[in-house]
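The residues making up each chain are set out below.
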Amino acid sequence: MILGSTAAGSILLKACGSDPSTTASPGASPAASTAASTSASGNTVKVGILHSLSGTMAISEKSVVDAENLAIEEINQAGGVLGKQIEAIIEDGNSDWPTFAEKAKKLIDQDKVATVFGCWTSASRKAVLPVFESKNSLLWYPVQYEGQECSKNVFYTGAAPNQQIEPSVDWLLENKGKEFFLVGSDYVFPRTANTIIKAQLAAKGGKTVGEDYVPLGSTEVKSVIQKIKQALPNGGVIYNSLNGDSNVAFFKELQASGLGPDKYPSMSVSIAEEEVKAIGVDYLQGHYAAWNYFQTVNSPASTKFVEAFKAKYGSDRVVNDPMEAAYIMVYLWKQSVEKAGTYEDLEKVKTAAYGQTFDAPQGKITMNSNHHLSKFVRIGEVGEDSLFKIVYETKEAVKPVPWNQFVTDTKGFACDWSDPAKGGKYKTT
Amino acid sequence: MDALIQSKSKARQRLLIEAGIVAAIALLLLFVIPPILVGSGQGFRVNLLGRYLALAIAALGIDLIWGFTGILSLGQGVFFALGGYSLAMFLLLQLPDGQLPDFFSPYGVTELPWLWQPFYSLPFTLFAIVFIPTIVAATLGYLVFRNRIRGVYFSILTQAALIVFFNFFNGQQKLINGTNGLKTDTATIFGQTVSSPPVQAFLYTLTILLLVGGYALSRWLTSGRSGRLLVAVRDDEARMRFSGYDPTMFKVLVFAISAGLAGIAGALYTVQSGIITPQAMNIAFSIEMVIWVAVGGRATIVGAILGTLIVNFAKSILSERFPQFWYFFQGGLFLIVVTVLPGGILGWLREDGVRLVRSQINKRRPLQTYPSLEEDPGVQYERKNLANRESDG
Amino acid sequence: MLSGLLDGIFSGISLGSVLLLAALGLAIVFGLMGVINMAHGELMMLGAYTTYMVQNALKGTPLFGIYIFIALIAAFIVTAIFGLVLERGVIRYLYGRPLETLLATWGVSLILQQLVRSVSWQLVTIVALFCLLFFGAMWIVARRTDFERARGWFLAIMIPLSAAAAIATGNVLGTLYKPAFTKLWFDARNVDVTAPKWLRGGFPIAGTQFSYARIFIIVLTIACVVGVYWFLNNTPWGLRIRAVTQNRTMSACLGIPTKKVDALTFALGSGLAGLAGCAVSLLGSVGPNTGQNYIVDTFMVVVVGGVGKLAGSIIAALAIGTANYLIGSNTLVDLTAPIKPLSDTFAFFSTISMAKVLVFALIIAFLQFRPGGLFPQKGRTVDA
Amino acid sequence: MSEKILQIENLTVDFDGFRALNNLNFSLDTGELRVIIGPNGAGKTTFLDVITGKTKPTTGQVTFKGKSTKGNVEYQIARLGVGRKFQTPRIYLNLTPRENLELSCNRYKNVWNALFGKPSSAERRTVAGLIETIGLDAKADLKAALLSHGEKQRLEIGMLVAQSPDLLLVDEPVAGLTDEETENVGNLLLALAESHSIIVIEHDMEFVRQIARKVTVLHQGTVLCEGSMDEVQNDPRVIEVYLGKQEDDRAAA
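Residue numbers (our numbering), protein chains in the order written: chain A, 1 to 429; chain B, 430 to 822; chain C, 823 to 1206; chain D, 1207 to 1459.
With the rest of the complex left out, here is chain A (with noise of 0.2 Å):
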């Protein structure tokens, strides 16, 4: 008898998704607002939004369509863009890389959108690239990544390797040490992560003592903290590409062996405000992070958004670099639709998109023409109220370097797209 009422719980929940009357429910029914919005007179511009609102990614992926949602909601109080009203359409990635290709199909073939924020994993960007490539249609990027990429089609407003891990790790040998451990999730942007590291250690007169790779949701984590015992026997210098659970059990193994921050300081660059609340602060205490936006930035435009998105959300949420690089890039889309004078003519847009400025919550930020954004390094010690205290941040906003230079393959290599000679990958020298 209790089956019949699961079996029918999920037949409810069904219908409680379409109703319109739970479209304010944070964060939740993408599809009520698409439902609510659709109704509307077509005097609106269609965007799309494609992030994991499932499965393992849904934990990181959420709070960026909260701040996607956010700056839609403040640009159509606005007056919208050109006049219009702009129109979220939130497709579902569900974790799942082709699921990611399939969504992104859909938004430009059936709902036209006239742009597309979305993705966080590298791999799902990888999936989706070619079909916005093959329909010559456009992605907005918020996280940071690896690099090493630089399509025409998608613009990245996260960070590039040389605006949050080569500066980290200057930093780290200025002032922690020359012995670095690394250890990663077993993905891409640890991987190409850790390889930039390396070559930058061996240029600068740093160490790699040792890496380690554990599987995505791995929570078992000894082996590494073994490893970084015997790699490093009296304290250095532990570089953390890890991603999602495996962080918790990570910095609780860490601390319970007792390596502390006080000998084995730990650089993350996948753990930020939100992440301090679900790993629990008294494991992260003194460890750092490096990011180019962190809440405790003090800037007014940082209070507005910090202020704005507790408003919507509620007081118990933090942003995050992340949600804050896709909150910015709602407006530079905005922003170069303006510009351009229309949402539909692509090319128009891109070039209109390049050189254009926004007054960001991390300072002035620029989109450069090859893609990716001038950006501000900070680096952030974690405090006992869970926040960070930022103890370094670089004077102006650091130029993206898509192409890494300290990897041989694509040293010497940039990218220009507002110069058709240059495009994608072109040699400087």
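Calculated from the structure, these hints are not laboratory results.
Zero decoy hints are in this set.
Simulated pairs of lysine to any residue, SDA-like, Cα-Cα distance not exceeding 20 Å:
no., chain 1, residue 1, chain 2, residue 2
1, B, K437, D, R1331
2, A, K46, B, Q471
3, A, K207, A, G235
4, C, K1082, C, I899
5, A, K178, A, G260
6, D, K1349, B, S652
7, D, K1262, B, A667
8, A, K312, C, L998
9, A, K112, B, P626
Rough simulated footprint, nothing fancy, chain B against chain D, three-plus residues with beta-carbon under 8 Å:
no., stretch
10, 1286-1300
11, 1308-1317
Yeah, the Cβ is synthetic: ideal placement off N, Cα and C, and Gly gets one too.
Given chain A, put chains B, C and D in place with the hints provided.
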């Protein structure tokens, strides 16, 4: 003897009808459905349909081993992925001489790994798509079945194998690009991009043809003596052994065939979706495959295909509308199929559905009973009257 | 060297004890009842979430220091009750069909995962209301003698009707009492469980440090194993459980309430999953996917150990844990350093992913010699 | 003296510390019908298990038709010509009786033949004849799951015959049957004994008397005595085993 000949010609007639229906459906899928979908602005659903038809091939394999033979493999994803990777590797090597697939460069790989070398050859690739999964399955199957490990133990072991292959593929960045998988969208074949409409149309056609082929293979395997042997494995292995059959070999065979089908499915799915990643080997996907068959109806062959299409389109459409709740649906589906609808949709149609329709149009199926009763005119008279009375009331 | 060795032994035992704790409930449910509970991992997850809620409820109170003990009890009770519902609602229809239990419980695990993501007062109200309406109506109607005939019609009418009523009410309440009512309890994000202060850090010994949390888990595991052993062998209910698992029909004839025994056994197994969930929350993350990480490994423990034997599970868990640790860390590489080819092989497998590959290969090889596991069931009933 | 079809020498089987068969010697002539009796736990089923290859002997060997069966597994021994009927009927429930018989009747049992072979007309005739013999013509094309217990027993014996083994092992063929059915089965076995060697394990003494020519009594894993029904019944050791020691009897009384 007359009766025998008569039944033979009847069987042949039935076979012809079936072939006709299959051909008609295939033609429908080929020439009617795509224009309708495109016409209604749902063009991308043609591609989805092609992919789901590819998945249906894998489902056929599961129906063979689980539906008929009673062996539940939760590791079909391995074979699916092996097929997909084989074809993807071939496609990625369609490059000018001396060039490497571009994902190698970030890892500093400058020389093509030996694993890739054979995939320059198309014949080898075609062979590999079917036979690498087959061989892997046969080896694993032999090692496991030989020791009479079966039932849930086999299921658990296949699931563990899945994890292992997943870890292996996921961890080998320098060899096969790890989590990112292999992209086939931008590769070229015969001077055309794989994602271009003509190639996709060709693949769609090929999928349907292979699905028809898979259907024919499954029908052939499950009819006649081999079909009875499969059922015999499911019903009573020990009896088989004491009758002089070696069930191990039959199980290995059917497991290997199902793996081959999964390999073909993986290859076709990969080129139509544009990417193959280790995600094809996550636990959920392989169990989902089983549920397609269960929804359609175990041991019905058609049910496997039907179930695959229904569940996947439901997933595609529902997750567009209610992304959050897809898991509820899917979980509910598992529960319902196992507890309330063990025969799946086809089973229900055959049992209750037919009875329901018949009772609505007043044509109940007569019950068979003891032959002596059948011949008793008194009983027959009574039954007639009873039936009438019931339908009156 | 000494510290390395100590560390190796400790880590192996500790990994093994986590596995064992997670597998214990499974061994009972699978070994004694023949039910493949794929939702076991999700029951662990529920245990972990219970820990989180207990932690939050006690934050700032003097009890916070020992919240973990309260959480253990709470986790056991919550998951045991959940297991009870699961057994009565689903599993009992599937006895003797292990493959079907596998699929059904997988469905349950999907629902549970989504449940923690989507649960809010609104959802709870809707589901509760639906159950009330539907089962209430059923209870009233089921007493009529001709119910079986009209069953189909009843279901066809009552399900949509009660669903509609429940959803409508839920949505009205949702709009009336917005944020609080529709706010998700957990969301898809991971939640943090922070061990009480005395469980953080470790016990320094010979240049290395033994994590208190892990020592705690080892002790907990020993306590659970002893407890379960004692329960099964020295209590009347334990005797009944063993009787029913050996011969259900005969036990029923002897007046043992088999249904109660089934429910109790399943509840016990689920409760142990809850304890395991509480324990792993000290080590790793707590999120909707928490359970997924353990499920396959724990099944391997049961298979290798041999079904229905506690001793087998204990040895198998320790062996698998130690093997995973030794291969995954550099220990074996160092030990075999003098023999170059051997150490190179181990070096190839010395990441966590690759260690799993090798351990699985070893398990398959092991099953070639002992297909029934370490302690196979013997006698002529097997494979009759 | 006719040739021995089955010879068992010094057979011992240990299970995890329990000795099920203890230094057992046994032989069977070609064409003989032998009944084995013995109290519960005497090792009768284990005895059959060893002959059919299901259980490996700890020591000793089984010689069938002059060849040792060592190293052969069940299906190989079955192909050599040993057929076995189980205590509870074991048939393929989801196949019809006709299909059940066809599978057993098939001479070529490798995978290749299963795929590409077709039943020959001779086989079909055999099957049709067998169906009549076991009296299942009316239900030949129903699922075997629908048959009654007695019908299943008969079907399994039919399957055994279809296999045309040289040696038939029949384990308690009349357990749970009515008197009439018991007699039917008895006659069936007697008819089969004309052309096969048969070992029957049975408890039902009435039935044993109906069919037995020579009886072997097993006790505690060894052969206690052997001979005609009357000889066995009067053997003091057998009486002791079945009825308990006389002194015990008196004590109990």
